[in-house]
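J.: Here is what each chain is made of, one letter per residue.
Number of protein chains: 2
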Amino acid sequence: MEKENREFLLDLLKEKNVRKLREELLKYNEADIAEFIEEIDEVQTLAVFRILPKDIASEVFAYFDSDMKLHLLNLMTNTELTEIVDDLYIDDFVDMLEELPANIVKRVMKDINPEKRNIINQYLQYPEESAGSIMTAEFIDIKKNMTVGQTLEHIRKVGMKSETVYTLYITDASRKLEGYLSIRTILKNDESVVVETLMEEDVIYANTFDDQEDIAKLFKKYGFLAIPVVDNEKRLVGVVTFDDAVDVMKEESTEDFELMAAMTPSEKPYLKSSVLEIAKNRFVWLIILLLTATITGSIISKYEEILTAVTGVIAFLPMIIGTGGNAGSQSSTIVIRGLSVGEIELCDYHRVFLKELGVSLVVGVGLSLFNYFRIIVFGGSKEIALTVSLTLVFTILIAKSVGGLLPIIAQKLNMDPAVMAAPLITTIVDTLSLIIYVIFVSLILI
Amino acid sequence: MEKENREFLLDLLKEKNVRKLREELLKYNEADIAEFIEEIDEVQTLAVFRILPKDIASEVFAYFDSDMKLHLLNLMTNTELTEIVDDLYIDDFVDMLEELPANIVKRVMKDINPEKRNIINQYLQYPEESAGSIMTAEFIDIKKNMTVGQTLEHIRKVGMKSETVYTLYITDASRKLEGYLSIRTILKNDESVVVETLMEEDVIYANTFDDQEDIAKLFKKYGFLAIPVVDNEKRLVGVVTFDDAVDVMKEESTEDFELMAAMTPSEKPYLKSSVLEIAKNRFVWLIILLLTATITGSIISKYEEILTAVTGVIAFLPMIIGTGGNAGSQSSTIVIRGLSVGEIELCDYHRVFLKELGVSLVVGVGLSLFNYFRIIVFGGSKEIALTVSLTLVFTILIAKSVGGLLPIIAQKLNMDPAVMAAPLITTIVDTLSLIIYVIFVSLILI
Numbered sequence: 001m002e003k004e005n006r007e008f009l010l011d012l013l014k015e016k017n018v019r020k021l022r023e024e025l026l027k028y029n030e031a032d033i034a035e036f037i038e039e040i041d042e043v044q045t046l047a048v049f050r051i052l053p054k055d056i057a058s059e060v061f062a063y064f065d066s067d068m069k070l071h072l073l074n075l076m077t078n079t080e081l082t083e084i085v086d087d088l089y090i091d092d093f094v095d096m097l098e099e100l101p102a103n104i105v106k107r108v109m110k111d112i113n114p115e116k117r118n119i120i121n122q123y124l125q126y127p128e129e130s131a132g133s134i135m136t137a138e139f140i141d142i143k144k145n146m147t148v149g150q151t152l153e154h155i156r157k158v159g160m161k162s163e164t165v166y167t168l169y170i171t172d173a174s175r176k177l178e179g180y181l182s183i184r185t186i187l188k189n190d191e192s193v194v195v196e197t198l199m200e201e202d203v204i205y206a207n208t209f210d211d212q213e214d215i216a217k218l219f220k221k222y223g224f225l226a227i228p229v230v231d232n233e234k235r236l237v238g239v240v241t242f243d244d245a246v247d248v249m250k251e252e253s254t255e256d257f258e259l260m261a262a263m264t265p266s267e268k269p270y271l272k273s274s275v276l277e278i279a280k281n282r283f284v285w286l287i288i289l290l291l292t293a294t295i296t297g298s299i300i301s302k303y304e305e306i307l308t309a310v311t312g313v314i315a316f317l318p319m320i321i322g323t324g325g326n327a328g329s330q331s332s333t334i335v336i337r338g339l340s341v342g343e344i345e346l347c348d349y350h351r352v353f354l355k356e357l358g359v360s361l362v363v364g365v366g367l368s369l370f371n372y373f374r375i376i377v378f379g380g381s382k383e384i385a386l387t388v389s390l391t392l393v394f395t396i397l398i399a400k401s402v403g404g405l406l407p408i409i410a411q412k413l414n415m416d417p418a419v420m421a422a423p424l425i426t427t428i429v430d431t432l433s434l435i436i437y438v439i440f441v442s443l444i445l446i
Numbered sequence: 001m002e003k004e005n006r007e008f009l010l011d012l013l014k015e016k017n018v019r020k021l022r023e024e025l026l027k028y029n030e031a032d033i034a035e036f037i038e039e040i041d042e043v044q045t046l047a048v049f050r051i052l053p054k055d056i057a058s059e060v061f062a063y064f065d066s067d068m069k070l071h072l073l074n075l076m077t078n079t080e081l082t083e084i085v086d087d088l089y090i091d092d093f094v095d096m097l098e099e100l101p102a103n104i105v106k107r108v109m110k111d112i113n114p115e116k117r118n119i120i121n122q123y124l125q126y127p128e129e130s131a132g133s134i135m136t137a138e139f140i141d142i143k144k145n146m147t148v149g150q151t152l153e154h155i156r157k158v159g160m161k162s163e164t165v166y167t168l169y170i171t172d173a174s175r176k177l178e179g180y181l182s183i184r185t186i187l188k189n190d191e192s193v194v195v196e197t198l199m200e201e202d203v204i205y206a207n208t209f210d211d212q213e214d215i216a217k218l219f220k221k222y223g224f225l226a227i228p229v230v231d232n233e234k235r236l237v238g239v240v241t242f243d244d245a246v247d248v249m250k251e252e253s254t255e256d257f258e259l260m261a262a263m264t265p266s267e268k269p270y271l272k273s274s275v276l277e278i279a280k281n282r283f284v285w286l287i288i289l290l291l292t293a294t295i296t297g298s299i300i301s302k303y304e305e306i307l308t309a310v311t312g313v314i315a316f317l318p319m320i321i322g323t324g325g326n327a328g329s330q331s332s333t334i335v336i337r338g339l340s341v342g343e344i345e346l347c348d349y350h351r352v353f354l355k356e357l358g359v360s361l362v363v364g365v366g367l368s369l370f371n372y373f374r375i376i377v378f379g380g381s382k383e384i385a386l387t388v389s390l391t392l393v394f395t396i397l398i399a400k401s402v403g404g405l406l407p408i409i410a411q412k413l414n415m416d417p418a419v420m421a422a423p424l425i426t427t428i429v430d431t432l433s434l435i436i437y438v439i440f441v442s443l444i445l446i
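Here the protein sequences come in this chain order: A and B.
Using UniProt numbering, the first residue of the first sequence is number 1, and each one after it goes up by one.
Using UniProt numbering, the first residue of the second sequence is number 1, and each one after it goes up by one.
What the hints contain is simulated information worked out from the structure, not anything from laboratory work.
Predicted model only: the values in this text are computed from it and were never measured.
Among the hints, erroneous ones may be present.
In this list, chains with the same sequence are indistinguishable; a pair is considered to hold if it fits within one copy or across any two.
To be verified - Think about it this way: if two alpha-carbon atoms lie no more than 30 Å apart in a straight line, the pair counts; the simulated DSS-like pairs of lysine-lysine are:
id: 1; residue 1: K3; residue 2: K220
id: 2; residue 1: K382; residue 2: K302
id: 3; residue 1: K69; residue 2: K272
id: 4; residue 1: K16; residue 2: K110
id: 5; residue 1: K221; residue 2: K302
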């Protein structure tokens with residue numbers, strides 16, 4: 001929403017010109033209406049929300065962040081609450097329930113019809129971040145002996161409530177998934193054609209217990225609008241739609257970013273999190289990293305005599321440790337990202353290892369030569385230049401191998417590879433590069 | 001594709017049982033067929049590709065990586081080439097052209113009909129990574145005085161070639177965009193209803209020159225299946241479909257990961273890039289970082305006397321520098337990610353600054369207290385513990401402020417905020433933390 005439009009709406013609100021405000025608001029997309037309501041004064045939110053027509057209101061409601069939802073639910077009458085909640089898609093509804101405090105959940109669930117309550121309870125049993133927890137139970141399933149005409153009639157009857165009319169799923173009598181059909185195929189065929197002759201049998205599907213990250217990979221690979229979710233008996237139980245998949249991609253990628261910068265992933269947006277919440281997510285990791293850095297410290301203490309014996313040796317320490325860390329994080333980032341988008345598979349570990357070995361030789365030798373001449377040009381001795389450069393080659397070699405392999409090992413141990421980025425790799429590389437430096441210093445310089 | 005299925009197909013290929021191979025292959029999704037063909041022996045690729053029916057072949061072709069496309073185009077006859085290329089969607093076709101060497105482009109373009117050639121040339125003029133370069137020119141536009149029945153008839157006629165039948169766009173006589181309509185709305189209304197009464201006028205659209213990252217943000221915000229692209233006169237010229245948006249999201253997020261780990265973003269997947277290509281993307285950055293680390297080195301040289309005057313002072317150097325770097329990269333990562341998904345806007349800079357200030361006070365004081373007692377428990381002197389802990393508080397304060405603000409400043413200067421992560425922040429924080437340490441050491445310990 002443009003700034004001037006927002007201000008126009010705010011003026012209408014100030015003038016209490018409700019009729020005009022409603023008329024103007026409805027010109028916008030639901031996501032924009034939600035954004036506008038989130039920005040106005042808290043006391044007025046319910047009043048503005050109430051002027052929206054019922055069907056728009058529930059769509060707007062789904063776009064609110066959890067604080068806003070909670071705020072409104074607290075203020076609503078029971079009738080309003082039931083109306084809003086009845087109109088939400090089941091997956092949005094369950095998302096909401098998972099974020100609400102128990103007393104509100106009780107109030108929300110009280111007036112829900114038993115059939116819907118059953119479905120919801122089933123949803124709540126799926127593990128967090130599973131296909132089951134992000135799917136919608138509203139989809140269109142048809143039988144293979146139906147004609148195109150009957151299918152269109154069926155869509156007209158049930159389709160208005162369905163989030164996914166674009167792909168139709170064909171199930172047998174026991175609800176087992178048999179095939180799929182895009183609405184495009186339906187539209188281009190005559191009303192008398194039978195579905196069986198049109199349907200695709202090679203259905204790409206997920207299991208309710210599959211991890212949401214794997215679902216996102218299926219969307220990336222096939223470019224589908226929706227992916228069906230089946231239970232262990234291959235019965236169709238839901239559909240993950242592409243907008244949910246986009247949310248998952250965003251979430252998973254943000255989680256990787258946060259883990260790699262050594263933070264505990266947060267579910268709340270940054271600007272909505274309190275200082276204490278943010279500090280908590282960062283503090284533990286900084287402590288862990290600080291403790292691991294003491295290993296480096298104790299090595300320096302132990303060899304302080306060697307490192308301070310020749311003037312200038314200490315000055316190269318931050319550069320060596322820094323370059324090792326940078327080289328390692330280049331490799332680990334590439335591999336973590338590759339694993340997460342599916343470009344690198346677990347079985348590729350030897351290819352990754354060979355590639356990182358090759359790259360580290362090229363980069364290491366190049367960087368060392370550059371460094372050798374740089375030190376000499378700036379008046380350093382040949383011996384120091386040699387010591388620092390030899391240390392660099394081995395540091396980069398180790399950094400890139402460790403950086404390339406640790407994420408794969410983590411994945412193999414069923415850990416999130418992104419955890420391997422900062423903490424462990426830095427510690428290992430710091431320690432090893434320091435030891436290598438001490439060895440070369442004592443061999444060449446002392 | 002499961003391993004046993006792949007092996008079954010490979011056996012059929014070995015037995016030269018072409019009829020059965022074709023039958024079995026066609027059971028799979030085009031993305032899987034492409035994956036299979038990419039994995040078989042290079043000599044046989046064209047032979048296997050040739051057994052596919054024409055319409056499937058061009059879909060499979062679109063899934064190939066650029067090496068494979070080039071390999072096949074080189075081997076194909078002119079007739080085959082024209083057939084494949086005629087069936088590709090324009091955006092896929094242009095993507096391909098941009099990756100091919102000039103002599104192949106000439107051969108491909110020679111037999112293309114003039115109308116298509118015109119559209120393609122227009123596409124090639126859009127800047128890389130613009131909405132124009134990723135949109136498809138195949139969409140369905142209708143007029144507002146059409147009825148639902150006429151619309152369905154229209155779709156049946158033109159819709160088979162259109163990548164996006166799910167959203168219909170309404171344009172006026174001069175092709176200006178007036179509104180949109182989902183196929184769902186069409187399907188649930190009677191044949192006699194006029195489009196004008198159904199269409200939504202609040203169209204969210206992009207301009208041909210908008211950056212593809214902004215388009216991805218629109219998809220994330222609104223959850224649409226497609227977003228229309230208009231020229232400067234608001235005439236509808238194309239549509240970005242959600243599968244292209246997913247590719248953009250993947251690309252942009254990978255680019256951020258690479259920039260933040262100090263690498264030049266690569267367009268090729270890791271396992272397909274040669275060692276030299278990878279080394280090139282990493283080398284320059286490592287050199288830059290190495291050079292900036294010499295600033296730290298020269299400060300150490302300058303104050304070597306102070307830093308080695310008291311035993312043990314040097315040993316805390318890597319921990320102080322490391323903690324500063326980690327604290328800073330936590331902040332910059334959060335802000336870069338927030339900017340890229342649209343959670344943080346440019347105008348939020350003071351909120352980010354205040355938040356980082358608060359977090360750094362909490363984290364800094366906590367970490368320093370912890371560190372103070374740790375040093376004393378492990379037999380360090382109270383003076384050293386005080387010096388190191390005071391340095392830590394200020395280092396974290398500076399690291400988090402710099403880390404939080406630099407990406408926003410970069411964005412304001414129209415640079416990619418992700419560039420700010422590693423290189424600049426590390427240098428600034430390293431240098432400042434070292435100076436603070438030297439000051440406290442000389443104030444308290446000497």
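J.: Under a CA distance limit of 30 Å, which applies to K69 and K272: within one copy, between copies, both, or neither?
T.: Result: close within a single copy only, 14 Å intra versus 47 Å inter.
J.: When no copy is specified for K16 and K110, does a C-alpha distance of 30 Å or less occur within a copy, between copies, both, or neither?
T.: The answer is neither: 35 Å in one copy and 66 Å across copies each exceed 30 Å.
J.: First find the shortest C-alpha distance between K221 and K302 inside one copy, then the shortest across copies, and answer within, between, both or neither for a cut-off of 30 Å.
T.: neither (53 Å within a copy, 56 Å between copies)
J.: Using 30 Å as the alpha-carbon threshold, which applies to K382 and K302: within, between, both, or neither?
T.: For K382 and K302, the Cα distance is within 30 Å both inside one copy (26 Å) and across copies (20 Å).
J.: I want to check one pair: K3 and K220. Are their C-alpha atoms no more than 30 Å apart within a copy, between two copies, both, or neither?
T.: Intra 35 Å, inter 21 Å, cutoff 30 Å: inter-copy only.
Hint compliance for this structure: hints 4, 5 are not met, and every other hint is.
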